[in-house]
Amino acid sequence: MGTAIKEQACIPKKMRIKIKRADISKWGWAYLMVAPTMIGLFILNIWPIIQTIYFSFCSSGDFGKYEWMGTDNYARMAADVTLWQSTSNTFLFTILSVPLGVCLSLLAAQLLNTSIKGKTIYRTIYFLPIVSAPAAIAMVWKWLYNCDFGLINYILSFFGIDGPGWNTDPGYAMISIAVVAIWSSIGYNMIILLAGLQNIPKTYYEAAEIDGANPFRKYFSITLPLLSPTLFFVIIISVMGALKQFDLVYMMTGFKNPVITQTRTLVHYFYTQAFDISDKGYGSTIIVFLFIIIMFVTWLQFKGQRKWVHYN
Amino acid sequence: MKRKLIVFLVLAIALSTMAFAGGQQEAKSTEKGTTTISYAIWDRNQAPGMQAMIDRFEELNPDIKVSLEVSNWGEYWTKLEAATMGDVMPDVFWMHASRIRMYADNDKLMPVGDRVKTDPNMDYSNYPEGVVKIYEIDGVNYAIPKDFDTIGLCYNKKMFDVAGISYPDETWDWNKFLEAAKLLTDESKGVYGFAANASDQLGYYNFIYQNGGYVINAAKTKSGFDLPESIEAIQFYHDLIHKHHVSPTIEQMSDTKPGTMFASRKVAMYFVGSWLISGLAKNEVTREMADMAVLPRMVKSASIYNGLGNSIAASTEHPEEAWKFVKFLGTEEGNLIQGRSGAAIPAFKGTQEPWISCRTEFNVKVFVDMIDYGVPYPTSKTAPRWSSLQKETMIQILSGNVEVEEGCKKIAAEMNKLLVTE
Numbered sequence: 001m002g003t004a005i006k007e008q009a010c011i012p013k014k015m016r017i018k019i020k021r022a023d024i025s026k027w028g029w030a031y032l033m034v035a036p037t038m039i040g041l042f043i044l045n046i047w048p049i050i051q052t053i054y055f056s057f058c059s060s061g062d063f064g065k066y067e068w069m070g071t072d073n074y075a076r077m078a079a080d081v082t083l084w085q086s087t088s089n090t091f092l093f094t095i096l097s098v099p100l101g102v103c104l105s106l107l108a109a110q111l112l113n114t115s116i117k118g119k120t121i122y123r124t125i126y127f128l129p130i131v132s133a134p135a136a137i138a139m140v141w142k143w144l145y146n147c148d149f150g151l152i153n154y155i156l157s158f159f160g161i162d163g164p165g166w167n168t169d170p171g172y173a174m175i176s177i178a179v180v181a182i183w184s185s186i187g188y189n190m191i192i193l194l195a196g197l198q199n200i201p202k203t204y205y206e207a208a209e210i211d212g213a214n215p216f217r218k219y220f221s222i223t224l225p226l227l228s229p230t231l232f233f234v235i236i237i238s239v240m241g242a243l244k245q246f247d248l249v250y251m252m253t254g255f256k257n258p259v260i261t262q263t264r265t266l267v268h269y270f271y272t273q274a275f276d277i278s279d280k281g282y283g284s285t286i287i288v289f290l291f292i293i294i295m296f297v298t299w300l301q302f303k304g305q306r307k308w309v310h311y312n
Numbered sequence: 001m002k003r004k005l006i007v008f009l010v011l012a013i014a015l016s017t018m019a020f021a022g023g024q025q026e027a028k029s030t031e032k033g034t035t036t037i038s039y040a041i042w043d044r045n046q047a048p049g050m051q052a053m054i055d056r057f058e059e060l061n062p063d064i065k066v067s068l069e070v071s072n073w074g075e076y077w078t079k080l081e082a083a084t085m086g087d088v089m090p091d092v093f094w095m096h097a098s099r100i101r102m103y104a105d106n107d108k109l110m111p112v113g114d115r116v117k118t119d120p121n122m123d124y125s126n127y128p129e130g131v132v133k134i135y136e137i138d139g140v141n142y143a144i145p146k147d148f149d150t151i152g153l154c155y156n157k158k159m160f161d162v163a164g165i166s167y168p169d170e171t172w173d174w175n176k177f178l179e180a181a182k183l184l185t186d187e188s189k190g191v192y193g194f195a196a197n198a199s200d201q202l203g204y205y206n207f208i209y210q211n212g213g214y215v216i217n218a219a220k221t222k223s224g225f226d227l228p229e230s231i232e233a234i235q236f237y238h239d240l241i242h243k244h245h246v247s248p249t250i251e252q253m254s255d256t257k258p259g260t261m262f263a264s265r266k267v268a269m270y271f272v273g274s275w276l277i278s279g280l281a282k283n284e285v286t287r288e289m290a291d292m293a294v295l296p297r298m299v300k301s302a303s304i305y306n307g308l309g310n311s312i313a314a315s316t317e318h319p320e321e322a323w324k325f326v327k328f329l330g331t332e333e334g335n336l337i338q339g340r341s342g343a344a345i346p347a348f349k350g351t352q353e354p355w356i357s358c359r360t361e362f363n364v365k366v367f368v369d370m371i372d373y374g375v376p377y378p379t380s381k382t383a384p385r386w387s388s389l390q391k392e393t394m395i396q397i398l399s400g401n402v403e404v405e406e407g408c409k410k411i412a413a414e415m416n417k418l419l420v421t422e
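Protein chains in written order, with our numbering: chain A, 1 to 312; chain B, 1 to 422.
Just so you know, the hints here were simulated from the structure itself, not pulled from any lab data.
Just a few of them, taken from the derived set where beta-carbon distance is under 10 Å, the chain A residues facing chain B:
#1 Lys65
#2 Gly254
#3 Asn257
#4 Ile260
#5 Thr272
Glycine residues also receive a C-beta, built at the ideal position from the N, C-alpha and C atoms.
Throw the hints in and build the complete structure from the sequences for me.
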């Protein structure tokens, strides 16, 4: 105690902050407690990000040797037709999968929020794709989509329709992948939205009913505004996930499929460069580019949220 | 008081784990007199065969223990690369044509060639020259050949019988082959004579060499993709799909693999590598109906071949023991044990007999015969880069999106650009 007072005496009165020894000791313990997470975060997330940015300015050699080469990778990127094709594919995938995916999740959440029989069973069924391995999901869908022997074209043949090659026709391949992405994301989004719906106090609806509001009015004036923070979260997460799409393209298109030019996403292109061709420098450049895209898109969304997201 | 207790607990846990780790380490080194070396491989199918060789080696050398580490192809190279960076490579491991350059250029492998020269019991002439050459970088040898593989023609006996065509043999050239493929095709039923797979080793490379072309010249300075012979070969391969319609399209084959089509009787012939035979023998459907023949010839006979090698880490702590082991793997005795396991064709000359006789299901002798005119799998230092470009362009050519000549010239230009940098 005595030393603390002494220290304070040297500091001008205005800046005097009361730091007690007990406080320091308390902070110390707090820091010690968060240290494992912080150290983990720094070693596993933040440091690799910094390194990746550094590598994006390097050419990579064998066994982790990197050589500084300035902005050459970025110049190469600007002239790389495949990269721009992949970028537009990535955006196309996002546009195809996110809006519809979120709407369907919202619908599912809404339906399961009502009091029907077997609610838990339905919830489990909807959530099942999340528990399954993405690779397994992609494999099963690949079989369903098979041009000659797939279940979908088999069923279509009963109606006299000669189904296309869902996985190989340039006009359908991306849509097919988006369908799988939507199907497998509904469960997760639904659970979050369901939690949001259940947080809305029933009294609002009761009050609205007394005022004679119709279901439409109730939905747009109570449900949507109060759900908007949750919805915003779901959209942010979905857009990020869609921009980072890799596994479905990798599993469903594969490397021997000519349609790869139409379905290759940025992360898939990064994978080819970094691990197939083992050009980790250029691979890092692609990933930094994607990082910037995601940052920008997310920033736009945060700017836009003021218009429609209501926090109380 | 509470705080002291926590500190005490943390310390106690830390100390006890340290003691535990130390104890483990000690246990390892107290096995008196024996040295343990590690042997890393990437093929689970071959693990029993490798273990049989290890067992025999340990019997002969009771003071050396070998621990086998099996992973799959993809994991193997990721792990090996990481281990190389961390200087904890396995002592002995398999090497492949596509990776040897990278490891040799960075001095990560023991130059075993020097030891072979001074060892009276070892001689590189015991192995196929092409496989030896794969692991010879700038005149230095970095591996002892382990096995080799060639490409053969797998055909459905029953479909040939029904169509009334005699089975393929060494007299077949492309014309005969095409004629048979046409007779075997029934497009309305979705049945095709041949599967023109979008694969280099299991497809178009063979045709390029059979037609007198090449993928890369001997000095590894120039691509041969723009040679008239090569373009003609690719055109022929392309026409099997688009002109003669004797093969499913590339799109169909990316939905259903050629091997699956063959097993479901939708394809009568396709190219297989000798490493795929054990799989065909295990499947009772293919075991019944399939057999093997040499590849059809054109200007000459050719079959792409490749072979694995056993390499030693340059940084190994037990160079003598590792060398003893690799030497044993390269002996006639070791190769005979390997051959009997049936998973791969042993490299040592004259030891192929047990391999042939343990695969009674098919006429596998053709795979050994083809080594006489086999062409080593073309590769070079920048191969990972150009082969990826090449594969992608070939897929566009074979799907009909890019003209054959235009595509081949593009591949050659891209390859040449990279070959200059070697």
